[in-house]
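Asks: Sequence:
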Amino acid sequence: MRLSITDDLDLKQIAESGQCFRWEQIEDNGYRIIHGGYVLYISQRSPGEFQLDCEEEEFRNVWAAYFDLDTDYRGIRQMIDRDSDPFLYAAAEQGKGIRILRQDPWEITVSFIISQNRNIPAIKRSVERLCSLAGKRLADKRGEEYFSFPAPEDVLRLSKEEIAQCRLGYRDKYVLSAAKAAVCGDLSPERLGSLPDDELLRRLGMLYGVGPKVASCIALFGFHRLDAFPVDTWIRKALVNEYPGGFPFDRYRPYNGVFQQYMFSFCRNASSARPY
DNA sequence: AGGCAGGCTTTTA
DNA sequence: TAAAAGCCTGCC
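For the first sequence, the numbering used here assigns the number 9 to the initial residue and increments by one for each residue that follows.
The set of hints was computed from the structure by calculation and includes no laboratory data. Note that this is a predicted model, so its numbers are computed, not measured. It is possible that part of the hints are untrue.
Straight-line distance between alpha carbons at most 27 angstroms, and here's what the computed BS3-like set of lysine-lysine pairs gives [as the list claims (entries may be wrong)]:
{"hint": "1", "residue 1": "K181", "residue 2": "K221"}
{"hint": "2", "residue 1": "K104", "residue 2": "K132"}
{"hint": "3", "residue 1": "K181", "residue 2": "K132"}
{"hint": "4", "residue 1": "K168", "residue 2": "K181"}
{"hint": "5", "residue 1": "K188", "residue 2": "K149"}
{"hint": "6", "residue 1": "K20", "residue 2": "K104"}
{"hint": "7", "residue 1": "K104", "residue 2": "K245"}
{"hint": "8", "residue 1": "K104", "residue 2": "K144"}
{"hint": "9", "residue 1": "K149", "residue 2": "K132"}
{"hint": "10", "residue 1": "K188", "residue 2": "K132"}
{"hint": "11", "residue 1": "K221", "residue 2": "K245"}
{"hint": "12", "residue 1": "K245", "residue 2": "K132"}
{"hint": "13", "residue 1": "K20", "residue 2": "K168"}
{"hint": "14", "residue 1": "K104", "residue 2": "K221"}
{"hint": "15", "residue 1": "K132", "residue 2": "K221"}
{"hint": "16", "residue 1": "K144", "residue 2": "K168"}
{"hint": "17", "residue 1": "K132", "residue 2": "K144"}
{"hint": "18", "residue 1": "K188", "residue 2": "K144"}
{"hint": "19", "residue 1": "K149", "residue 2": "K20"}
{"hint": "20", "residue 1": "K168", "residue 2": "K149"}
{"hint": "21", "residue 1": "K245", "residue 2": "K20"}
{"hint": "22", "residue 1": "K104", "residue 2": "K149"}
{"hint": "23", "residue 1": "K20", "residue 2": "K221"}
Label pairs and their calculated CB-CB ranges [stated by the list, open to error]:
{"hint": "24", "residue 1": "N277", "residue 2": "E207", "range": "10 to 20 angstroms"}
{"hint": "25", "residue 1": "D78", "residue 2": "R259", "range": "17 to 27 angstroms"}
{"hint": "26", "residue 1": "L247", "residue 2": "S140", "range": "34 to 44 angstroms"}
{"hint": "27", "residue 1": "G56", "residue 2": "Q33", "range": "17 to 27 angstroms"}
{"hint": "28", "residue 1": "E169", "residue 2": "P55", "range": "28 to 38 angstroms"}
Glycine included, C-beta positions come from ideal geometry on N, C-alpha and C.
Build the full structure now, drawing on both the sequences and the hints.
Replies: Structural data, given as structure tokens:
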């Protein structure tokens, strides 16, 4: 089917934004996306024009939510005043097209535990290795092989040797601990989904190996808490350099996490020049 | 009590 | 060799 939208949506921006680690680029501006039991091939024809290899029904039931199409990202960007916050304005202009996907909380929890103290290519390798060893080997509509993201029980069934092959390093015990918590139901959306942000962050932070940064990422990307604001090395530098008086969280509530994502993308893409 | 230094696996540039 | 979407432990 074809999809035409007027709001922000840029596949390349999202693919490189560091929130999803399993999108596979299959052509220029075309990706294969694995989400739960569904696989989508989607390509961007032009700004606002997309081709998807699914029926309208699946789009309405699955992918519209995945891409968070009910949220008005253009409207969120318009909260920025160009004159009073030129840095954030420049970041949002360059990151236009980013959306916060509604991804699976368990997959996000594992992915961001793995992410700590590593760069994105390394994260992707570990996640994919984990999937190929513990996930189910399946075929998509094109007959191409893919692996599902493993359930917590599947992760717990891995041998020591298989865990080692995932190159998780010292994070392996964190992943196994999270899997045990998930099996107990301690990570279920039913139990955590209705908690207020601060309480959710507190619960996530109780997981072994999950500190403030990773907890914020899980809240933002796994529980769609758009006000959660992960502070990593990039954002830390940006806050020091651009907001010596502190970031105006009150001004940007309840979308601080979206703005954080623009800044993260901007800082990572910026080489050394600062064109703003 | 709360803050801080050092250590941790591996990969990337 | 330093840095990478950090966190844990032990010490003060």
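Asks: Taken at face value, is the distance from the CA of K20 to the CA of K245 at most 27 angstroms?
Replies: holds, 25 angstroms
Asks: Starting from K104, check that the Cα of K149 is at most 27 angstroms away, please.
Replies: Violated, at about 31 angstroms.
Asks: Below or equal to 27 angstroms on CA atoms is what counts here, so check K245 against K132.
Replies: With Cα atoms ~24 angstroms apart, K245 and K132 stay inside 27 angstroms; holds.
Asks: In this structure, is the beta-carbon distance linking N277 and E207 contained in 10 to 20 angstroms?
Replies: Because 34 angstroms falls outside the window, the suggested range is violated.
Asks: Sort out whether K144 lies within 27 angstroms of K188, counting only the CA atoms.
Replies: Roughly 20 angstroms separates the two Cα atoms, so the pair holds.
Asks: Please verify whether K144 and K168 have alpha carbons no more than 27 angstroms apart.
Replies: holds, 19 angstroms
Asks: Holds or violated: are the alpha carbons of K149 and K20 at most 27 angstroms from each other?
Replies: Holds, because 23 angstroms separates the two Cα atoms, which is no more than 27 angstroms.
Asks: Verify the proposed pairing of K104 with K132, using a straight-line Cα cut of 27 angstroms.
Replies: holds, 24 angstroms
Asks: With a cut-off of 27 angstroms on the C-alpha distance, tell me whether K104 and K221 pass.
Replies: holds, 24 angstroms
Asks: I want to verify a distance hint. Is the separation of the beta carbons of E169 and P55 within 28 to 38 angstroms?
Replies: The hint (28 to 38 angstroms, Cβ to Cβ) is violated, given that E169 and P55 are roughly 48 angstroms apart.
Asks: Holds or violated: K104 with K144, Cα cutoff 27 angstroms?
Replies: At roughly 35 angstroms apart (the allowed maximum being 27 angstroms), K144 and K104 break the hint.
Asks: Taking 17 to 27 angstroms as the stated bounds, is the beta-carbon spacing between G56 and Q33 within them?
Replies: holds, 20 angstroms
In terms of the numbered hints stated before, the structure departs from hints 5, 8, 13, 20, 22, 24, 28, listed from lowest to highest.
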